[in-house]
Amino acid sequence: MPRVEEILGLPRDTALIFAMVLGIVALQAFISALSPLLDWLIYRRDRAEIAWMRELDGRLLTTSDLGVTLENILAALCDLLRVETGFVVGVSEGPWHPQAILGSRRAVQQYLDSPAASPLRALGQARTAREDFVRAGDFWIRPLRTKSRQAVLGVLGVLAPGALPELSEAQRQRAQRLIQQAELALEDRQLQQGVFRVLWQIAPEIRSLQRWQSFPRYRDAPAWAALEESPIYSPDFSRAVKDALSHYWGGPKLADSPLLKLGSVQRALQQNGNRPLNALRGVLQEALEALKPPESDRHLSNRDWVLYNILEMKFIRGWRTREIARRLAMSEADLYRKQRVAIEAVARVLATMEEERRG
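Adding 87 to a residue's 1-based position in the sequence shown gives its number in my numbering.
All clues stand as given, with none of them false.
Straight line, CA to CA, 27 Å or less: simulated DSSO-like cross-link-like pairs of lysine-lysine:
| hint | residue 1 | residue 2 |
| --- | --- | --- |
| 1 | K379 | K329 |
| 2 | K379 | K340 |
| 3 | K329 | K340 |
| 4 | K348 | K379 |
| 5 | K348 | K329 |
Hints in this document: simulated from the structure, not taken from any laboratory.
From a predicted model like this one, the values you see are computed outputs, not experimental measurements.
Construct the complete structure from the given sequences, taking the supplied hints into account.
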């Protein structure tokens with residue numbers, strides 16, 4: 088029998104490595120091809136729902152996807168208008184948070200921070216149906232609207248100290264199509280965020296139902312008792328987290344909190360001198376710290392850093408809502424929305440900590 092080295096002209100170890108890589112790739116391709124058949128066999132009654140979830144997974148537009156899409160649209164539009172710098176800001180994320188920047192990031196950020204950008208806020212909140220570029224400083228800005236044209240999704244701007252170039256009819260139509268694509272991307276992302284917020288709100292209930300489903304049908308007293316007593320499976324778990332945070336430094340909502348039943352709190356008693364309230368504060372602080380992003384990502388364009396700051400300023404420092412909104416450069420209504428999201432995030436962290444320490 089001829090040796091592998093003689094047949095392939097490669098060392099035996101190299102041939103084995105290539106064979107392993109090809110085997111892994113082939114196995115993954117086989118599993119992917121077989122997956123629909125397995126789903127059909129396992130989920131016969133839920134085939135339509137499984138197919139829809141698979142299709143939905145492929146259509147979701149992440150923050151990174153949105154940024155890439157808007158950058159591509161900006162590149163085509165700037166090329167058409169013969170300019171080098173442009174940006175898109177989304178109103179839903181705060182009027183000053185850029186969703187995409189093309190060209191000089193420094194010039195865009197300086198503009199957004201300057202008084203020259205004051206028309207930007209007015210344009211983002213306008214209810215009029217203006218559909219053209221208007222001059223604001225060295226930039227020309229234009230609102231991006233929903234399909235119904237009743238609400239503003241964001242603002243698009245391009246850097247052009249002089250007048251914008253005259254466009255032919257064909258060029259104007261192409262520019263309009265690009266702007267419509269940007270509007271569609273922003274609106275789709277906004278709708279998806281609404282769906283995600285609803286899912287985050289019902290996440291504790293979903294976890295509770297899944298846990299009940301995983302237990303056997305006969306009654307096993309210790310298992311059922313643990314399921315019934317743990318507050319993380321309660322529909323009001325997020326409310327309990329909010330109440331405990333609101334009386335973080337002491338009060339009836341902390342002293343009588345159902346979170347005192349958490350296993351993580353019971354385990355923290357010894358480290359806190361057998362004082363339940365101190366143990367609960369320590370567990371809440373641990374959950375808050377888990378939301379804090381790495382130091383390199385601690386800026387106000389990072390969602391996790393914004394959520395952490397809202398919780399830390401509101402519940403730990405005790406700042407007023409108006410002070411927090413001014414510090415984070417957002418409206419009070421936007422602050423209340425993000426505060427709800429932040430509390431849900433703490434609830435998820437606490438539930439994860441509890442399940443990991445149990446398992």
